[in-house]
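Student: Let the sequences and hints guide you as you build the complete structure.
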Amino acid sequence: MSDTRILVIAEQEKGHLSSATARVLDAASQLGGSIDVLVAGSQASEAAQQAARLTGVSGVISVEDSAFDHMLAENVSALITSLAEPYTHLLCASTTSGRNVMPRVAALLGVGQISDVIAIESADTFVRPIYAGSVLATVRSLDVKKVITIRPTAFEPVGEQSAASVSSADSTGDQGMVTFVEEQLANGERPELGGARVIISGGRGLGSAENFRLIEGVADRLGAAVGASRAAVDAGYVPNDLQVGQTGKMVAPELYIAAGISGAVQHLAGMKDSKVIVAINSDEEAPIFQVADYGLVADLFQALPELERKL
Amino acid sequence: MKVLVAIKRVIDHNVRVRIREDHSDVDLTHAKMAMNPFCEIALEEAVRLKEQGIADEVVAVSIGDKSVQEQLRTALALGADRALHVSSDTAVDSLGAARVLAEVVRRETPGLVLLGKQSIDSDNSQTGPMLAALTQMPQATFASSISIEGDRLEVTREIDGGLETLAMSLPAVVTTDLRLNEPRYAKLPAIMKAKKRPIESLEIDTLGIDVTPRQTLLRVEIPRERQAGVRVDSVDELIDRLKNEAKVI
Chain F
1 MSDTRILVIA EQEKGHLSSA TARVLDAASQ LGGSIDVLVA GSQASEAAQQ
51 AARLTGVSGV ISVEDSAFDH MLAENVSALI TSLAEPYTHL LCASTTSGRN
101 VMPRVAALLG VGQISDVIAI ESADTFVRPI YAGSVLATVR SLDVKKVITI
151 RPTAFEPVGE QSAASVSSAD STGDQGMVTF VEEQLANGER PELGGARVII
201 SGGRGLGSAE NFRLIEGVAD RLGAAVGASR AAVDAGYVPN DLQVGQTGKM
251 VAPELYIAAG ISGAVQHLAG MKDSKVIVAI NSDEEAPIFQ VADYGLVADL
301 FQALPELERK L
Chain R
1001 MKVLVAIKRV IDHNVRVRIR EDHSDVDLTH AKMAMNPFCE IALEEAVRLK
1051 EQGIADEVVA VSIGDKSVQE QLRTALALGA DRALHVSSDT AVDSLGAARV
1101 LAEVVRRETP GLVLLGKQSI DSDNSQTGPM LAALTQMPQA TFASSISIEG
1151 DRLEVTREID GGLETLAMSL PAVVTTDLRL NEPRYAKLPA IMKAKKRPIE
1201 SLEIDTLGID VTPRQTLLRV EIPRERQAGV RVDSVDELID RLKNEAKVI
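Residue numbers (our numbering), protein chains in the order written: chain F, 1 to 311; chain R, 1001 to 1249.
Worth flagging that the hints you see were computed from the coordinates, not collected in a lab.
The beta-carbon is built from N, C-alpha and C at its ideal position, and this holds for glycine as well.
You may find that some hints are simply not true.
Stated by the list, open to error - As a list, the in silico BS3-like pairs of lysine-lysine whose alpha-carbon atoms are at most 30 Å apart:
(1) F:Lys310 <-> R:Lys1243
(2) F:Lys272 <-> R:Lys1247
(3) R:Lys1032 <-> F:Lys272
(4) R:Lys1196 <-> R:Lys1002
(5) F:Lys275 <-> R:Lys1243
(6) F:Lys272 <-> R:Lys1196
Said to hold, decoys possible - Short, incomplete list of chain F residues facing chain R, as computed with Cβ under 7 Å:
(7) Ala123
(8) Tyr131
(9) Glu182
(10) Lys272
Tutor: This is the structure we're talking about:
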């Protein structure tokens, strides 16, 4: 389809473009056609320069207005719909922001929405997981405008190009419906779970919040992000934003190390697309071993310090 | 204040879903069905708001064929004051559901609409924000805590980096995440009583709404299962294989 025109809605924070953008662009390029990127919020112009250098981008629209900080759905959806007219496809990562904003955009445009796409078959046909990833559905959109969220980990980040042009658009401003009060974000010493190349997660087997230091020790040696199973979160060892799984974060790093995690379906749904999976568990019957490329039956309290020492 | 809670009937979360032999769709024949777990959380929150004296009426609504009355009766047993069945012989998608719910909102004028953040069958996570858009209400998705004072609503949301708190005026649409509350179980006398309670009914065709599905399902498949790899005997062997075989460290 030569008349395909795609608008990728990129997230940015304090002028830093979200790392998911390069992966959404991989999905966009598989649709064919021209690709514009929309970057909005305070310091949007800095993030716009980063977006302009990503391969496949024809143009970047930058809208610098603090009304779009925190991706407030009411404000961002008004902006997107004001720009939507020439585009056949509107794409965003299926982050909590994308899943918050894009259905609102779709309803304002009077079209359906296709969530969490993991493969592009054609400009109107997509593959997406249903039933917590236990079934894959291939769906064809009947809408003239397709509003899509893309699962970033299912696509590869695109490379760099010489910068495309950056333009600005009129802000639709604050719709006056919602006020941002505060946020509590996990400290940023380690990489974020969503974009990490290596992740080490701990489970109930760690036994306490203090023992999670064993996980952190290995994480620091590997430059890895720290994750956790739902059991570890529910037991209060770590805050819930570290949870990997169906009801937490979906991750697919190059290396995923599961330590003291039994491997409940709900956890596997969140990490089974990792390239290499390592399981360390004292219970040799643990289901996690059935999906692990390398399994080590060992006492965590010996294996983890040894791993930290020898890496 | 009236609270409207949207409820979806889905496969029980403990049941492993199968697909039809011709891959045309999932096979729900004889599958145990239940209220979507995130909808249970939404209903629980509504009932708690009533118990706190913040809400004075809880209305549960569901869209579907006659079978959804089973989940509406569960809602009545759990504390809903009224149950509304929007009768439809064909399944509606997210936009269709949002359009129907928008019409129900127009008729019922609730101060707050609570929905699950997603249903565990289609995993779309769309209906709440779509309803908010169609009714021009503010939205707070993935709520892990809610507080209401007068017509001011404060919601803490679970976002990728942690938690975020937003403030807005009622009426508003809130979708519930897992940690908002732990739903109660229905008590037997309440279940018995709910069997005799009336369920209000509305024919979807009489609403004058376009609920034509926006997508066609071409096929379904079960993803390829990961195979178990090798057992290593020591930390040394593990490091060696990760370095030299998998080349990931």
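Student: Compare the structure with each hint and give your call.
Tutor: Hints and how they fare:
1. Between Lys310 of chain F and Lys1243 of chain R, the direct Cα distance comes to roughly 12 Å. Compliance with the 30 Å bound is thereby established for this hinted pair.
2. For the given pair, Lys272 of chain F sits about 19 Å from Lys1247 of chain R by alpha-carbon distance, which is consistent with the 30 Å threshold.
3. A distance of roughly 27 Å separates the Cα atoms of Lys1032 of chain R and Lys272 of chain F; the hinted pair therefore holds under the 30 Å criterion.
4. For the hint linking Lys1196 of chain R to Lys1002 of chain R, the alpha-carbon distance of about 23 Å falls within 30 Å, and the restraint holds.
5. Among the hinted pairs, Lys275 of chain F with Lys1243 of chain R is consistent with the structure: their alpha-carbon atoms are about 14 Å apart, no more than 30 Å.
6. Annotation: proposed proximity of Lys272 of chain F to Lys1196 of chain R is violated, straight-line Cα distance about 47 Å (limit 30 Å).
7. Taking 7 Å as the C-beta cut-off, the interface hint given for Ala123 of chain F is violated, the closest approach to chain R being about 14 Å.
8. Checking Tyr131 of chain F against chain R: minimum C-beta separation of about 5 Å stays under 7 Å; hint holds.
9. The beta carbon of Glu182 of chain F comes within 5 Å of a beta carbon in chain R, closer than 7 Å, and the hint placing it at the interface holds.
10. Satisfaction of the interface hint for Lys272 of chain F is found here, the shortest Cβ-Cβ separation to chain R being roughly 6 Å, below the 7 Å cut-off.
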